[in-house]
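Residue numbers (my numbering), protein chains in the order written: chain A, 1 to 331; chain B, 1 to 331; chain C, 1 to 331; chain D, 1 to 331; chain E, 1 to 331; chain F, 1 to 331.
Simulated from the structure, these hints should not be mistaken for laboratory data. Even for Gly, the Cβ is constructed at its ideal location relative to N, Cα and C. Fair warning: there could be bad hints in the mix.
Said to hold, decoys possible - Example chain C residues on the side facing chain F (calculated, C-beta under 7 Å, incomplete):
#1 Ser209
#2 Pro210
#3 Trp211
#4 Leu237
#5 Ser239
#6 Asn241
#7 Val244
#8 Trp258
#9 Lys265
#10 Asn266
#11 Tyr267
#12 Cys277
There are 6 protein chains.
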Amino acid sequence: MSVTSQPGAVIANLPWQDRPAGCNNPLWRYSDNPIIRRDQIACANSIFNSAVVPFGGGFAGVFRVDNKARLMRLHAGFSDDAINWKINEEPIVFDTQGKNLPRFEFGYDPRVCWIEDRYWVTWCNGLSGEPTIGVAWTRDFKTFHQEENAFLPHNRNGVMFPRKIGGNFVMLSRPSDNGHTPFGDIYLSQSPDMTFWGMHRCVMKAGASPWQGLKIGAGPIPIETDKGWLLIYHGVLRSCNGYVYSFGAALLDLERPWKVIAANKNYLLSPQTPYECIGDVPNVAFPCAALHDEATGRLAIYYGAADTVVCMAFSTVQMLLDFVTHPDQQV
Amino acid sequence: MSVTSQPGAVIANLPWQDRPAGCNNPLWRYSDNPIIRRDQIACANSIFNSAVVPFGGGFAGVFRVDNKARLMRLHAGFSDDAINWKINEEPIVFDTQGKNLPRFEFGYDPRVCWIEDRYWVTWCNGLSGEPTIGVAWTRDFKTFHQEENAFLPHNRNGVMFPRKIGGNFVMLSRPSDNGHTPFGDIYLSQSPDMTFWGMHRCVMKAGASPWQGLKIGAGPIPIETDKGWLLIYHGVLRSCNGYVYSFGAALLDLERPWKVIAANKNYLLSPQTPYECIGDVPNVAFPCAALHDEATGRLAIYYGAADTVVCMAFSTVQMLLDFVTHPDQQV
Amino acid sequence: MSVTSQPGAVIANLPWQDRPAGCNNPLWRYSDNPIIRRDQIACANSIFNSAVVPFGGGFAGVFRVDNKARLMRLHAGFSDDAINWKINEEPIVFDTQGKNLPRFEFGYDPRVCWIEDRYWVTWCNGLSGEPTIGVAWTRDFKTFHQEENAFLPHNRNGVMFPRKIGGNFVMLSRPSDNGHTPFGDIYLSQSPDMTFWGMHRCVMKAGASPWQGLKIGAGPIPIETDKGWLLIYHGVLRSCNGYVYSFGAALLDLERPWKVIAANKNYLLSPQTPYECIGDVPNVAFPCAALHDEATGRLAIYYGAADTVVCMAFSTVQMLLDFVTHPDQQV
Amino acid sequence: MSVTSQPGAVIANLPWQDRPAGCNNPLWRYSDNPIIRRDQIACANSIFNSAVVPFGGGFAGVFRVDNKARLMRLHAGFSDDAINWKINEEPIVFDTQGKNLPRFEFGYDPRVCWIEDRYWVTWCNGLSGEPTIGVAWTRDFKTFHQEENAFLPHNRNGVMFPRKIGGNFVMLSRPSDNGHTPFGDIYLSQSPDMTFWGMHRCVMKAGASPWQGLKIGAGPIPIETDKGWLLIYHGVLRSCNGYVYSFGAALLDLERPWKVIAANKNYLLSPQTPYECIGDVPNVAFPCAALHDEATGRLAIYYGAADTVVCMAFSTVQMLLDFVTHPDQQV
Amino acid sequence: MSVTSQPGAVIANLPWQDRPAGCNNPLWRYSDNPIIRRDQIACANSIFNSAVVPFGGGFAGVFRVDNKARLMRLHAGFSDDAINWKINEEPIVFDTQGKNLPRFEFGYDPRVCWIEDRYWVTWCNGLSGEPTIGVAWTRDFKTFHQEENAFLPHNRNGVMFPRKIGGNFVMLSRPSDNGHTPFGDIYLSQSPDMTFWGMHRCVMKAGASPWQGLKIGAGPIPIETDKGWLLIYHGVLRSCNGYVYSFGAALLDLERPWKVIAANKNYLLSPQTPYECIGDVPNVAFPCAALHDEATGRLAIYYGAADTVVCMAFSTVQMLLDFVTHPDQQV
Amino acid sequence: MSVTSQPGAVIANLPWQDRPAGCNNPLWRYSDNPIIRRDQIACANSIFNSAVVPFGGGFAGVFRVDNKARLMRLHAGFSDDAINWKINEEPIVFDTQGKNLPRFEFGYDPRVCWIEDRYWVTWCNGLSGEPTIGVAWTRDFKTFHQEENAFLPHNRNGVMFPRKIGGNFVMLSRPSDNGHTPFGDIYLSQSPDMTFWGMHRCVMKAGASPWQGLKIGAGPIPIETDKGWLLIYHGVLRSCNGYVYSFGAALLDLERPWKVIAANKNYLLSPQTPYECIGDVPNVAFPCAALHDEATGRLAIYYGAADTVVCMAFSTVQMLLDFVTHPDQQV
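Next up, chain A with everything else stripped away, as it sits in the complex (with noise of 0.2 Å):
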């Protein structure tokens, strides 16, 4: 593969089941959930909110791994059918460049975007013990060219977009506090050179409906449609006795990505199996990643359960055009 030729375009091996029989849902699970299990490599606690991209002729991804410390690391991985996973026993080790850069301090819930030539990768990133988002750049998984990190904490979920927007890389991220925050909408942010960021506009808010009324957050890189921005993102909704993390989709202007065109007020998927529901964090779905094969329309869309186990879902992009646009359904 040419690294800077787009990759992923077209996905022939795309992962994929047809839709159930009686499955009227614009997205279905993957029949043998989970796909990669807690206990995958030796070190692990968990394994979840992990990101895949095309890659070679088959694929690679950034993986979150809790080890048995509970110290959150990423692990690159590799795969043929985006199915079964080789997940690298050390965790990646980010080359500063011989910059003087703030240390990697923690990572968690990467997500993997191909711009122009390169992978941009964008994880929650400790700086100074406080939550930010890191930012860095490989082409072949295995060197992984750390960068500054984009923001000040406080911040999780940074997202970019898979091509400049008016001249500037895009990045939508979710403002947090320094614990596990009770609230979050989602902003967008832009940057000349993945340096130095500005141009900061809020996206989306919280409470738009009650699965996602205490906060959102981005999801896998946006698909470019010609309808505009599908963004698939998470929401939380605070029951009597606990939280539940649940998806959605909506769908953003091409060319002003902070204005909302069409958001369905129902979730995507919500978790009510026994691995969505069950594990560290119970009732937790949580997407990070979605292969899209443009000859097909087809979407695998990969999710962390529970924080525990990562996990697979279908649905096409007309599908989820058609919920996202659905008139009776708009927030």
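Put chains B, C, D, E and F on the given structure of chain A with help from the hints.
Frame of chain A; chains B, C, D, E and F shown alone:
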């Protein structure tokens, strides 16, 4: 059926299973719980905390259905055997009868009570966004006539007595706050006309034993016995990692129902099965209705499990009276 | 005085000071505040948040007196000039008239309102330890006849309208929680008989401007004008280091008093003097009564300062109407 | 058995299963967990967090039984094989020996320790309603002689060392607050006589790694080795949606046991099985006892799961020493 | 003065002012409060909550001095008249006598008590950063011999009785948490040797009346009278906007001092003056010492005001006994 | 004045008072504080936390004015002597220059900094309701040109360095949360163009001593000295009854200003006067500006008191350098 005759005094088709061999508990679960799945109708995220009554030769009910936006709605439903239910796909639209009433904002945890000539429905209704007790009546479970909300916010768990007492309608309720209230006692109020309410009294306070240490609230319509009103109610324990919703029983004075005659310090049922422990809200057993066959004294108690599904448990009036008045177990 | 004639329509001996030269505010403080010291009677820790009315040829009042155990009690008091007050050493003992009423548990923040043929006293009363609105009436400020509490807990700041509207008694109140409530909106309820209450409506919500950002509650008895009911109310701002209680004004529809016609976004008075800033609760100005001379339109407003003493401020109905309806300052 | 000889130094009938093939962990679960069901005796809501010791030729224990009122009680129990237990239906009634002691109020999380000539039982006892460390002793598990509580409230997890050190009895404990304490470190105290305690030292603080980030507390009686005292302790992680109770190990200096010689940053066991993840308190693994056969070095560790049942895991002293002193994994 | 004779039984030079004319309170403030300014020594941010005793022919004391880093230190001071104090510029450096004690970490709210042959100083000391009761003794207020901390964290307000009772040293204290504790009751502990402590009892709980509703803690060394131990203690009320620290009194049984014989429901003094209401912590009156002249029964009580300065108030033993035992004012 | 020359290097008319006799502190208050009253302009509730600079031959400033709705606004003001100020009655209307910027939502705690050719104003601005750092510039204090907000929410206390360092603009700020943040450290960010920001570093964390235990934030524009950047900053202590805002100083490396060279553990000034202790927010001293006369080294520091008024204190650069580098007082 003549709607002005007392329905359900004798329920020949009451659902029933005998107490399992070896079981000494005064209450036992239906062997095929849950009886209503979370996705029994298309729009539903979950169906739970619902009320059923004898209706015609069969049964009708008002069901809490949280949809996939997680909006809380009420749906009517019908059954021949009180086990297999047909729930309307569309939520109840309350008829305000041309009165200038505050609109229905949301609806949860309904109860249904036949008094004199109609079925009264009470539920947690929103008034300018805050929870209080909504009131409506129906004779056919098709048209529901909304009346004024009974109380100022914040209130939940409004439960009618099945006849006037001392010339007034009587309702139990649980004053609350504007969130997931960390307190809650059972109060009683009276009304000459179902519109204006007063003569408020405290009936029971939380804390009589640890399973009901944090808050309590009335469950099904109280059952009249010659010993007093048999009240089944839920209680909440705050553990070191969340809440546990169980239910127990007490006996109230027939003519001064704010007087507690007896109460067992133990719960009747606590969440122990997978369908009670796993779901949108783990560890919840929340009773909202009971069918009582006066001919046999048999009881079928309907309770929401894990804020996700509807379940059933069985007992008899005599067993519950023995439980409630057990001399060694008084609170 | 005939107790059945409307007292106080003309108050020739209304206390008064002209607006100071150079002052452009619609409200100005009495120059010799506070008018009632914290230790004016022997048992008192503090005297504040109290209600005064014309009575006989002079004035009477119901005073909040927190004693040295910090128990909250109500005391009657009398004055010839509405400035120099003689407060009874002994608290009011409410006469339950042989009715089986919940006992008086504590009393704070009283209001007094002449309606038709008697003075109605409303206050924050305890019901099984929880705050709600107590109701009593008197004709002589010696015997106070207690009636049923108006509402279920938790409620505070019950304020009567001075006449029936649409055939019903009408009360404003502020539903609360069981502590130092971090929220609070003004609601309205109606009653045919001062015993049973219903037809609840939300009148105003906190948050219209920052000085009233956290919670609001009605103050003195609303003043009837040809433009509407003039409502003076307190609002609370949560600063980075505590609360600030100020007060402002709004105008309610005469016949549908749950409709707000106008409201100024500014406060009328905020705690700025030493007696408002220093005391048992710093930074509190809390109005509970207003004397209105219909002949001149003059107003003497009584407010508690720092939850410690009673103060007075002056205005006129016209100035407050101009303030409330100022087109550039609407919320 | 002579009660004055050291019991349990060699435990020929120690329950045991070999490490499963392919398992590299230093600890492995019993294949038939849980060994004690939640409803093993009639009054029980749950049985967990319990202590067992060699006794006679078999085993005895003190069991935490929460009854159906959710009152926390201690029951004695006996076993031939340390797997199948006969637990007394009636709770232990502590004999205060005619001393004017504060009464037993509640009992949870017991530990049992043979020292010199008797079994000492320590547990979380109520003193005027607040948790502290109760102390009693027995020689026959029939009569339990209560002594003075060791400490002022608020305290939990009092764990004795199995011999005097420096002439004093020595106890670990975890000072707490009056609720579900959000902090907790392990302290050590000394006593010449088991009545008066002093010379308090801090041993370990929470936070050495994320699994033990919120609070920690000693587990089984420390095991004496020639390398030091082997301490198994629980730690709590606060996730974005609740707590996770895992356990790990450390090594303390033999003669100055407040000195930590080594501690592995990883946990030994975290809640991952259904019986650890589902129950009254999800995600809890809480060790309270260990049987140690000096002849083989084998360990059977007893831990409560989900605050609902009793489970068992196996290891050897050597494996744990290797784990604790692993040079690459020190905290 | 011979340091082994009982100091202070007769204090001819006790500071004194007669009760002001017209004052009926059992306690009255010194007219020239505060007696110690916040900046009386160069390093001081504030000087308050301090303990004084007769010493030689004059007086000595241990003073809480918060320096300009706001570190809490203890300083010795001396006075001829107990009003004008010379406080050492340098903080006390405690002599650990070669013992391997936890070091002094911080010191606040000291008390000083002569028992048998020396002055014992108790204060809130840090143990691994957490508050507990430090213990030291002196005979000359120059050398202070530190001993073991009395208790495990978290504790404050350790107050000795001035003689052994039943053969043991006796201390009151207030178990706390690791922050600004929202609860607090008075407990009693005993020790044969001032090193090991046990036989803990609850003496008084917060909540007997509202001024002491949140927490209470012992103040000066209890004063022995033939009626019992006269205990002056502080209590805290949580208002809607902060705390108020007042103080009152109770009478404890002479030989079983954990038994309360009498207690007045009213406070003796609440913060009402500018120096009590304004300062680093508004609305605090916090007594730590009392001088008692047995010849006259006069008392000079020393209390910190607003956590900023030291003040004095006067009473007599007889007045306080009358107050405490007043039959109409018992809690 | 030429607006492109460096203003204020020499300020012949700097306001000044000599250090009072007997005062050894490195900072002393102006004898006639406050210099700006809370009601100096008609719309004002309070004027505080404001920034002043040399301008023309006199002085100009940007003032925080909270109006009587308690909305937070910025007003320009002018003075000949930097003591007597004329503040514009109308708030600043920021000119967005035709750019599509987020609108000004509110403004508080401004700083003003001359860099190269213009005055940059930074303040706490609202972005979709959340606090972040607004940026604008002016040359005449009449027209203020708004630019993009520097950061994502939530941020406060954005303070520019007065020259580029290493080719970039440099700003200090304090990441916050969406409320009255209970944490806060000082970070540094860089920008090539005042629009895009990056290269974030942590400079100082709260907690170096108790007066700055909870949170810290930069105050006036750092003052360049040959020893380093002299930074005056505020710190907050959480007492048992509220917060105390004091200020101190540190010295930062000239070319790597995220490196702290020295910092005194003591505060320079804490709230002790009535105007600092009483007001809308008691116990606040909050510096936002300093005038520095390079000829004499004199400093006039402007600080808000009690979030109500503007005050002034004096020092010299040398005194502050001595203070900051005092070898016995380093944190």
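- Just pull the numbers of the violated hints for me, sorted ascending. Hint 8 alone not satisfied by this model.
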